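Chains A and B, in that order, are what the protein sequence lines are.
Okay, so the first sequence: first residue is 2 according to our numbering, each after it adds one.
Okay, so the second sequence: first residue is 222 according to our numbering, each after it adds one.
To be clear, the hints were calculated from the coordinates, so they are not data collected in a lab.
Be aware that one or more of the hints could be misleading.
The calculated PhoX-like cross-link candidates involving lysine-lysine, where the alpha carbons are at most 25 Å apart (straight line), are [as the list claims (entries may be wrong)]:
#, chain 1, residue 1, chain 2, residue 2
1, B, Lys565, A, Lys126
2, B, Lys311, A, Lys129
3, A, Lys129, B, Lys233
Since we're looking at a predicted model, the values are computed, not measured.
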Amino acid sequence: MSQTSTRMAAVIRDLQKHYVLKSETVRALRGVSFDVPEGDYVAIMGPSGSGKSTLLNLLGCLDQPTHGSFLLGDDDVAQMTDDELSTIRASRIGFVFQSYNLIAQLSVVENIEVPLYYMGNLNAKSRKRSIELAKMVGLGERLDHRPTQLSGGQQQRVAIARSLVNDPYFILADEATGNLDSVTTEEILALFQRLNDEGKTIIMVTHEDEVAEHAKRVIRLRDGEIQIDEAVKDRKIFTPQQIQEIAHNADVASRGSE
Amino acid sequence: MLYFRTIKLGTKSLLLHPMRSLLTVLGIFIGVASVIWLLAIGEGISKEAQRQIEDLGAENIIVRSIKPPDESGGNFRQINAFGVTRNECKLIGNTIQTVKRVLPIRELTQKFAYTGNPNVKPIDGRLVGCTSDYAEVTRLEIERGHFLTTREVELNRPVCVIAARLADKLFPSEDPLNKQIYLPEKKEYFKIVGVLKHRNATAAIGGSLAAQDFSLDIYIPVTTMRVRMTDQETKRAGGSFSSQLFELSQITVQVSNSEDVPKTAELVEATLRQNDPDRQDISVVVPYELLEQAKTTRLMFMMFMGLIAAISLIVGGIGIMNIMLATVTERTREIGIRRALGGKQKDIILQFLVETITLSIVGGITGILMGLLCPIVVDISRWGLEYFAPQLYAGLPEVARVMRPTIVPISIPVAFFISVVVGVFFGLYPAVRAAQLDPIEALRHE
Chain A
2 MSQTSTRMAA
12 VIRDLQKHYV
22 LKSETVRALR
32 GVSFDVPEGD
42 YVAIMGPSGS
52 GKSTLLNLLG
62 CLDQPTHGSF
72 LLGDDDVAQM
82 TDDELSTIRA
92 SRIGFVFQSY
102 NLIAQLSVVE
112 NIEVPLYYMG
122 NLNAKSRKRS
132 IELAKMVGLG
142 ERLDHRPTQL
152 SGGQQQRVAI
162 ARSLVNDPYF
172 ILADEATGNL
182 DSVTTEEILA
192 LFQRLNDEGK
202 TIIMVTHEDE
212 VAEHAKRVIR
222 LRDGEIQIDE
232 AVKDRKIFTP
242 QQIQEIAHNA
252 DVASRGSE
Chain B
222 MLYFRTIKLG
232 TKSLLLHPMR
242 SLLTVLGIFI
252 GVASVIWLLA
262 IGEGISKEAQ
272 RQIEDLGAEN
282 IIVRSIKPPD
292 ESGGNFRQIN
302 AFGVTRNECK
312 LIGNTIQTVK
322 RVLPIRELTQ
332 KFAYTGNPNV
342 KPIDGRLVGC
352 TSDYAEVTRL
362 EIERGHFLTT
372 REVELNRPVC
382 VIAARLADKL
392 FPSEDPLNKQ
402 IYLPEKKEYF
412 KIVGVLKHRN
422 ATAAIGGSLA
432 AQDFSLDIYI
442 PVTTMRVRMT
452 DQETKRAGGS
462 FSSQLFELSQ
472 ITVQVSNSED
482 VPKTAELVEA
492 TLRQNDPDRQ
502 DISVVVPYEL
512 LEQAKTTRLM
522 FMMFMGLIAA
532 ISLIVGGIGI
542 MNIMLATVTE
552 RTREIGIRRA
562 LGGKQKDIIL
572 QFLVETITLS
582 IVGGITGILM
592 GLLCPIVVDI
602 SRWGLEYFAP
612 QLYAGLPEVA
622 RVMRPTIVPI
632 SIPVAFFISV
642 VVGVFFGLYP
652 AVRAAQLDPI
662 EALRHE
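Construct the complete structure from the given sequences, taking the supplied hints into account.
What follows is the structure, encoded as structure tokens:
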């Protein structure tokens with residue numbers, strides 16, 4: 002695939018994952034290989050049982066493959082201990098979940114700081130960065146709010162800010178718009194596009210075609226193998242005006258809800 | 222910074238369920254407070270017991286006369302003398318080298334009256350015949366006047382020294398010194414030459430005697446008592462007479478050196494029993510031995526109290542563990558999020574341990590504060606009991622009324638330390654369980 006000059010955010014070679022259930026072995030992934038260059042925007046799709054979630058867990062360093070290699074920068078994740086995996090999650094992966102997964106006891110800015118906390122990097126500078134990220138996702142005036150005081154879209158924006166705080170290799174979004182209505186979905190997708198335009202790598206797991214249309218590239222899984230890996234033909238792109246408008250609307254809407 | 226953050230987070234999580242946290246803290250609170258309370262009360266009781274025994278004098282050996290069971294069956298014409306005699310008293314003083322001095326004591330229950338004030342009714346008290354050494358050996362202190370002098374004893378003078386409470390009762394508004402006390406049963410007058418200071422009762426001697434209460438005593442020279450009242454004591458009670466014949470009711474043998482007490486006690490006993498090894502009318506009490514015994518008892522008592530307190534702490538700890546297990550289940554999702562965002566297993570363990578330790582330290586500190594209130598609370602409850610249920614209060618054993626709880630200083634750090642240990646011990650399992658959750662499973666948890 003793409004060569005030399007572009008650096009790789011992730012290199013995946015012959016990745017296999019087998020689960021042993023009683024006497025039976027389930028081969029959830031049967032040898033998956035692909036590269037994610039920096040600045041890519043990949044949508045991973047596939048019906049349930051296709052190995053989508055397994056791949057997501059492996060990409061998120063939450064699990065280790067049975068066979069194959071997964072290079073993040075220069076590190077092979079497949080060889081890591083539990084603590085090393087934790088460190089890599091804290092330092093180089095940005096998670097965005099379907100159900101936001103913010104910590105209820107913490108404020109917006111504290112939630113954004115959680116990965117830094119586990120890296121042991123909390124200081125005044127990191128606090129400043131967290132606040133900037135909160136501003137960037139349009140929540141600069143809600144730094145001290147609790148997750149329960151925010152709407153779903155706002156919570157997801159906090160989660161996106163959190164995923165960026167450790168300057169990750171890539172943002173790993175797991176059905177990030179699955180719990181949101183169409184307007185808010187658009188808002189999040191516009192945000193993703195903006196981040197991608199700024200050079201962030203995004204890997205997005207979804208089962209919705211409308212969402213996948215916003216990515217640059219789609220990988221379709223079936224039965225634990227890659228069925229299709231292609232560039233998105235008619236990619237939906239928000240114009241800069243649209244992005245601005247959507248951000249503005251979201252801002253107005255959130256002000257109105259107060 | 223990071224630890225501060227962890228503690229802050231732990232506190233926040235606990236405050237999310239204030240009632241639950243409060244109840245959990247209560248377990249430790251009660252445990253710690255009871256450690257301090259039980260030890261303080263135990264110490265207070267044993268100190269009191271020890272003091273009572275020490276009042277008897279650790280260097281003393283006490284020989285009491287015991288009235289044998291009445292075998293004459295109402296035939297009082299033939300009265301047998303019992304008890305320790307004056308000769309024996311002299312013999313012990315003269316023959317045993319380690320003995321410093323021997324005090325002959327004769328006690329009678331009597332009515333005391335003051336004829337100068339018709340409003341004062343006769344009071345039942347104890348008439349003690351003794352020598353001038355008595356005050357020193359039994360540690361009686363003089364408030365005013367002087368104790369019986371050697372000269373007064375030698376000359377059989379009709380003088381007396383009275384105890385403080387008796388003085389208060391008989392002379393509510395007068396100076397007792399140089400007044401005459403009248404003994405209606407004996408038809409005798411005694412001039413008061415001294416008044417004693419207030420004093421608490423001493424320990425019971427042997428098993429057969431009640432605690433000695435000095436508060437209604439009158440002390441007269443034992444010689445005067447012999448001359449004026451003889452050795453026979455006849456009492457009339459409701460038409461029938463009872464008569465006793467005894468020379469002395471007690472001798473107190475003071476030993477020069479308290480190390481010689483056990484040896485001397487054997488000699489005293491041997492001397493008294495030389496003719497009749499099975500002699501029943503005396504009993505030899507060695508406060509020194511009682512003291513040793515009391516020390517052992519105290520240790521056992523403290524251990525027992527400590528055990529009870531330890532049990533309540535364990536119960537508190539189980540409470541913590543129970544709550545934390547529930548909390549871990551409840552917060553599985555949060556654990557999953559934290560693991561996904563880079564929390565190591567040890568971070569999760571630390572997070573939950575901080576919570577349990579916070580709970581147990583809060584319980585520990587409040588428990589210690591409550592523990593320190595022990596003496597005040599005991600005083601207040603005594604006062605309350607005395608005020609609202611005086612009869613019940615009077616029925617309490619002496620020691621419960623006079624005992625002062627003594628906070629054992631070491632119990633405070635120990636209680637605190639134990640509460641932290643309980644927090645760690647009972648918090649560790651839930652914390653480890655939380656940390657060992659599979660992050661993928663935990664994230665999926667609803």
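Status of each hint after checking the structure:
1. Lys565/B <-> Lys126/A: holds, 24 Å
2. Lys311/B <-> Lys129/A: violated, 97 Å
3. Lys129/A <-> Lys233/B: This hinted pair holds, its Cα atoms lying about 23 Å apart.
In summary, the structure is inconsistent with hint 2 from the numbered list given earlier, while agreeing with all the others.
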